[in-house]
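Could you build the full structure based on these sequences and the hints that come with them?
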Amino acid sequence: MAKITASVYTSHVPAIGAALDLGKSNEPYWQPVFKGYEFGKQWIKENPPDVIFLVYNDHATAFSLDMIPTFAIGTAAEFQPADEGWGPRPVPTVIGHPELAAHIAQSVIQDDFDLTIVNKMDVDHGLTVPLSLMFGQPPADDFRWPCPVIPFAVNVVQYPVPSGKRCFNLGKAIRKAVESFDQPLNVQIWGTGGMSHQLQGPRAGLINKEFDNAFLDRLIADPEGQASVPHIDYVREAGSEGIELVMWLIARGAMDDIDPAPLVAVAPDATKSVPANAHPVSVKHRFYHVPASNTAVGHLILENT
Amino acid sequence: MAKITASVYTSHVPAIGAALDLGKSNEPYWQPVFKGYEFGKQWIKENPPDVIFLVYNDHATAFSLDMIPTFAIGTAAEFQPADEGWGPRPVPTVIGHPELAAHIAQSVIQDDFDLTIVNKMDVDHGLTVPLSLMFGQPPADDFRWPCPVIPFAVNVVQYPVPSGKRCFNLGKAIRKAVESFDQPLNVQIWGTGGMSHQLQGPRAGLINKEFDNAFLDRLIADPEGQASVPHIDYVREAGSEGIELVMWLIARGAMDDIDPAPLVAVAPDATKSVPANAHPVSVKHRFYHVPASNTAVGHLILENT
Amino acid sequence: MSLQKNYLDVPGTTIFDAEQSRKGYHLNQFCMSLMKAENRERFKADERAYLDEWAMTEEQKQAVLARDLNRCIALGGNIYFLAKIGATDGKSFQQMAGSMTGMTEEEYRDMMIHGGRSVEGNRVVGEDGDAQAQHQPQGKAGHSAQKASA
Amino acid sequence: MSLQKNYLDVPGTTIFDAEQSRKGYHLNQFCMSLMKAENRERFKADERAYLDEWAMTEEQKQAVLARDLNRCIALGGNIYFLAKIGATDGKSFQQMAGSMTGMTEEEYRDMMIHGGRSVEGNRVVGEDGDAQAQHQPQGKAGHSAQKASA
Ligand SMILES: [Fe+3]
Ligand SMILES: [Fe+3]
Numbered sequence: 001m002a003k004i005t006a007s008v009y010t011s012h013v014p015a016i017g018a019a020l021d022l023g024k025s026n027e028p029y030w031q032p033v034f035k036g037y038e039f040g041k042q043w044i045k046e047n048p049p050d051v052i053f054l055v056y057n058d059h060a061t062a063f064s065l066d067m068i069p070t071f072a073i074g075t076a077a078e079f080q081p082a083d084e085g086w087g088p089r090p091v092p093t094v095i096g097h098p099e100l101a102a103h104i105a106q107s108v109i110q111d112d113f114d115l116t117i118v119n120k121m122d123v124d125h126g127l128t129v130p131l132s133l134m135f136g137q138p139p140a141d142d143f144r145w146p147c148p149v150i151p152f153a154v155n156v157v158q159y160p161v162p163s164g165k166r167c168f169n170l171g172k173a174i175r176k177a178v179e180s181f182d183q184p185l186n187v188q189i190w191g192t193g194g195m196s197h198q199l200q201g202p203r204a205g206l207i208n209k210e211f212d213n214a215f216l217d218r219l220i221a222d223p224e225g226q227a228s229v230p231h232i233d234y235v236r237e238a239g240s241e242g243i244e245l246v247m248w249l250i251a252r253g254a255m256d257d258i259d260p261a262p263l264v265a266v267a268p269d270a271t272k273s274v275p276a277n278a279h280p281v282s283v284k285h286r287f288y289h290v291p292a293s294n295t296a297v298g299h300l301i302l303e304n305t
Numbered sequence: 001m002a003k004i005t006a007s008v009y010t011s012h013v014p015a016i017g018a019a020l021d022l023g024k025s026n027e028p029y030w031q032p033v034f035k036g037y038e039f040g041k042q043w044i045k046e047n048p049p050d051v052i053f054l055v056y057n058d059h060a061t062a063f064s065l066d067m068i069p070t071f072a073i074g075t076a077a078e079f080q081p082a083d084e085g086w087g088p089r090p091v092p093t094v095i096g097h098p099e100l101a102a103h104i105a106q107s108v109i110q111d112d113f114d115l116t117i118v119n120k121m122d123v124d125h126g127l128t129v130p131l132s133l134m135f136g137q138p139p140a141d142d143f144r145w146p147c148p149v150i151p152f153a154v155n156v157v158q159y160p161v162p163s164g165k166r167c168f169n170l171g172k173a174i175r176k177a178v179e180s181f182d183q184p185l186n187v188q189i190w191g192t193g194g195m196s197h198q199l200q201g202p203r204a205g206l207i208n209k210e211f212d213n214a215f216l217d218r219l220i221a222d223p224e225g226q227a228s229v230p231h232i233d234y235v236r237e238a239g240s241e242g243i244e245l246v247m248w249l250i251a252r253g254a255m256d257d258i259d260p261a262p263l264v265a266v267a268p269d270a271t272k273s274v275p276a277n278a279h280p281v282s283v284k285h286r287f288y289h290v291p292a293s294n295t296a297v298g299h300l301i302l303e304n305t
Numbered sequence: 001m002s003l004q005k006n007y008l009d010v011p012g013t014t015i016f017d018a019e020q021s022r023k024g025y026h027l028n029q030f031c032m033s034l035m036k037a038e039n040r041e042r043f044k045a046d047e048r049a050y051l052d053e054w055a056m057t058e059e060q061k062q063a064v065l066a067r068d069l070n071r072c073i074a075l076g077g078n079i080y081f082l083a084k085i086g087a088t089d090g091k092s093f094q095q096m097a098g099s100m101t102g103m104t105e106e107e108y109r110d111m112m113i114h115g116g117r118s119v120e121g122n123r124v125v126g127e128d129g130d131a132q133a134q135h136q137p138q139g140k141a142g143h144s145a146q147k148a149s150a
Numbered sequence: 001m002s003l004q005k006n007y008l009d010v011p012g013t014t015i016f017d018a019e020q021s022r023k024g025y026h027l028n029q030f031c032m033s034l035m036k037a038e039n040r041e042r043f044k045a046d047e048r049a050y051l052d053e054w055a056m057t058e059e060q061k062q063a064v065l066a067r068d069l070n071r072c073i074a075l076g077g078n079i080y081f082l083a084k085i086g087a088t089d090g091k092s093f094q095q096m097a098g099s100m101t102g103m104t105e106e107e108y109r110d111m112m113i114h115g116g117r118s119v120e121g122n123r124v125v126g127e128d129g130d131a132q133a134q135h136q137p138q139g140k141a142g143h144s145a146q147k148a149s150a
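Chains as they are written, first to last, in UniProt numbering: chain X, 1 to 305; chain Y, 1 to 305; chain V, 1 to 150; chain A, 1 to 150.
Since the hints were made in silico from the structure, they are not lab data.
Given the structure is predicted, the values throughout are model-derived calculations rather than measurements.
All C-beta atoms, glycine included, are put in the ideal place defined by N, C-alpha and C.
Be a bit skeptical, because a hint or two may be false.
[To be verified] A short, non-exhaustive set of chain X residues, derived as facing chain Y with CB atoms under 8 Å:
id, residue
1, 112
2, 113
3, 116
4, 158
5, 185
[Stated by the list, open to error] Pairwise CB distance ranges (calculated):
id, chain 1, residue 1, chain 2, residue 2, range
6, A, 52, V, 38, 55 to 61 Å
7, X, 225, Y, 288, 51 to 57 Å
8, X, 1, Y, 183, 49 to 55 Å
9, Y, 288, V, 9, 41 to 47 Å
10, Y, 183, A, 52, 42 to 48 Å
11, A, 53, X, 77, 31 to 37 Å
Given below as structure tokens:
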């Protein structure tokens with residue numbers, strides 16, 4: 001039986017990829033960013049996953065306006081790093097896990113998540129920057145990522161994007177799907193994007209440390225509550241691109257401390273009994289830094305216990 | 001406020017399109033088929049919709065295996081009849097309704113249906129044959145369909161396809177979306193595909209009149225019950241392509257006699273109170289014939305009262 | 001995989017699920033290419049050369065060349081994709097479907113006119129309906145085959 | 001439309017919804033075309049000619065030629081699409097984002113190094129934060145503009 005052992009959360013700022021690819025990671029501007037990932041690089045060496053289920057968003061790369069899937073799962077054997085306009089990043093091809101991906105697709109579609117199944121797509125910085133941050137640049141004589149990756153793309157570009165509650169429930173369904181796969185795989189689920197940032201208009205450059213840190217607090221301790229925060233709060237408080245944070249809720253919903261029953265809308269006066277949590281998650285690492293280019297960088301590692 | 005006034009259900013057999021396009025509709029083989037649509041052609045002249053929300057499935061036409069959306073809504077201004085291999089059908093371009101389509105997309109995505117929004121796609125016989133059956137061939141000097149059409153494509157090609165319950169609930173969400181649109185449009189919702197047929201393997205040619213007629217009975221009188229029938233029953237009883245019938249449940253779920261609250265799984269011992277129905281639907285027409293090529297032809301018109 | 005496949009016991013029927021889709025990816029994408037008139041021309045001009053442009057298995061190519069649709073389906077093909085081959089050959093869906101039963105066109109057409117194939121005996125593998133393995137191929141072809149082996 | 005747009009009162013911010021998407025369809029699809037190196041070359045060789053291949057409005061074409069990203073966004077552009085123009089020009093996301101504030105590159109970079117733009121006064125249209133309409137353009141450009149009009 002496969003098992004989700006941990007979840008990793010991180011911003012996926014394109015400039016971080018550029019800094020790595022252009023050898024700028026030792027510059028004073030970038031040093032504090034990469035320092036925040038040193039723990040994670042060591043941790044993942046000691047806890048190597050067999051497969052990563054990587055939640056990210058496509059930034060007008062694989063998906064133009066011709067087709068905009070709310071949720072898309074990559075079931076292909078491999079995915080090429082995309083040319084986003086600056087030429088492709090010099091990173092390895094991403095190897096998929098078609099069997100597990102197809103299994104998860106089958107299971108969550110039967111649980112009423114209306115996925116789009118994708119057998120051909122290039123992956124952009126949203127997926128490759130997190131891999132670079134956690135694994136560094138693979139050596140030239142063994143130029144590959146350490147494990148297969150299942151890309152899971154969420155539409156956060158054209159509104160409406162899926163709600164926090166929908167994302168959180170999807171995480172629960174993914175956990176159920178993984179746990180019904182009949183091979184003993186160590187699976188990590190990663191949630192990427194965010195934190196506060198705005199890339200457009202006269203409000204570009206918005207950063208909200210208070211919002212970001214409150215989000216991290218609540219993602220750890222009260223993810224169900226965080227899942228009910230409406231989109232407008234993210235936009236207003238964390239910038240128009242801060243909405244990417246809803247993707248972290250997918251990864252969080254897949255952890256063992258979460259009641260696997262779907263979260264439904266509850267009438268305001270309903271009394272809610274919170275069961276004592278038999279499976280607390282362990283916070284292995286937490287990091288926050290401003291800025292990387294236009295963006296606040298957040299990073300979190302949670303392990304199931 | 002827009003309003004769904006009626007739902008139309010029909011098979012969308014490609015051979016019907018070919019018979020029409022090749023001028024064979026008066027041949028003895030085809031006469032009984034087209035006779036079954038005479039009522040509908042007259043009825044729709046007397047009850048012309050402003051927009052048709054047309055639920056169908058793409059048959060490996062717009063969607064290859066590269067991307068398989070569970071639910072795809074067409075928000076483009078127009079859609080070209082596809083070349084399915086025999087050359088495009090000689091029928092008019094389908095004019096969309098981008099405003100209403102985008103409005104419905106926004107509303108149902110916020111109701112947790114994970115649509116794929118499509119701005120460029122060709123439409124195949126699944127969409128054009130029902131238009132031909134209900135409207136006939138438009139005259140050469142006014143070569144257009146009488147009203148705009150919103151294409152809504154459901155994956156019934158690669159398993160798993162969405163469940164009957166999911167389809168039925170989606171119908172409810174579509175009704176809610178239409179009723180919140182602020183223009184006074186007369187909207188019809190059409191469900192197409194089916195009835196019993198199998199196009200593959202040594203069991204090709206399967207027809208099950210008993211199943212088909214029981215489906216029609218129950219679709220009218222107990223659609224919620226029909227929505228809980230599992231896929232394997234359709235496959236076993238109505239042929240591998242009989243599964244297309246789940247699309248009829250989307251149209252049925254959008255009618256006024258249906259309790260708009262989502263249908264959830266109910267424990268076997270739960271007592272269910274069925275409210276007296278204040279808004280019965282009126283069965284305007286019902287038709288069934290075998291065969292058209294490999295397929296049983298079914299057709300139903302329901303009006304809200 | 002360990003999700004239950006509750007559709008494996010339907011006789012003469014292959015459900016196009018993720019596993020079949022993976023097997024048939026290149027075969028089906030080849031079929032999609034036949035939606036363009038110029039590709040249909042190129043295919044008809046030299047089928048083998050056209051097939052060799054696709055990352056299909058030799059078995060899949062042979063099944064296409066032989067127009068053996070049952071074999072194509074076993075190798076991951078889906079009927080809606082395979083129909084593009086039939087369209088290129090000028091065949092109707094009825095001719096294609098009929099070809100998978102072993103019946104002649106007339107036999108299949110007659111069966112349909114008389115109400116189609118009955119579901120009786122054809123619901124579950126192991127029954128005795130006409131779609132069951134022990135009764136293939138169907139029609140006269142099957143009768144002669146059965147005589148020959150008798 | 002009558003679904004509430006509860007995001008129209010955020011200052012200096014355009015939410016890319018279905019309506020914006022419809023307006024900007026051809027503009028954004030033009031941007032996508034710049035993901036191919038050969039298209040970037042053709043665009044750079046003759047921008048106007050390349051733009052004329054697309055069903056964009058004249059206003060959209062002028063906004064692209066002027067690299068006026070705020071205008072592009074008002075006309076239906078989305079920043080992730082528009083970024084392909086910046087990439088073609090060799091610009092970073094920071095340079096593109098900064099260009100929409102009126103600040104110089106240095107001013108914008110300094111703002112980010114010092115913790116970015118504050119949300120205070122920038123939550124709702126009508127407050128007095130630096131992203132509000134009455135304070136545009138920002139940076140020295142704005143100071144001179146304000147002096148000129150004073
Ligand atoms: Fe991003
Ligand atoms: Fe069909």
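Hint by hint, here is what the structure shows:
At about 5 Å, the closest approach between the beta carbon of residue 112 of chain X and any beta carbon in chain Y falls short of 8 Å, and the interface hint on this residue holds. The beta carbon of residue 113 of chain X comes within 6 Å of a beta carbon in chain Y, closer than 8 Å, and the hint placing it at the interface holds. Because the smallest distance between the Cβ of residue 116 of chain X and any Cβ of chain Y comes to about 4 Å, under 8 Å, the interface hint for this residue holds. At about 7 Å, the closest approach between the beta carbon of residue 158 of chain X and any beta carbon in chain Y falls short of 8 Å, and the interface hint on this residue holds.
With a least beta-carbon distance of about 21 Å to chain Y, the hint placing residue 185 of chain X at the interface is violated under the 8 Å criterion. Take residue 52 of chain A and residue 38 of chain V: their Cβ atoms lie about 28 Å apart, and the range 55 to 61 Å is violated. In this structure the hint that residue 225 of chain X and residue 288 of chain Y lie 51 to 57 Å apart at CB holds, the actual value being about 53 Å. Distance hint for residue 1 of chain X and residue 183 of chain Y: a CB-CB separation of about 53 Å, consistent with the stated range 49 to 55 Å.
Against the hinted window of 41 to 47 Å, the Cβ-Cβ separation of residue 288 of chain Y and residue 9 of chain V comes to about 29 Å, which falls outside the hint. A hinted range of 42 to 48 Å for the beta carbons of residue 183 of chain Y and residue 52 of chain A is inconsistent with their spacing of about 35 Å. Against the hinted window of 31 to 37 Å, the Cβ-Cβ separation of residue 53 of chain A and residue 77 of chain X comes to about 35 Å, which satisfies the hint.
Hint violations for this structure: numbers 5, 6, 9 and 10, all remaining hints satisfied.
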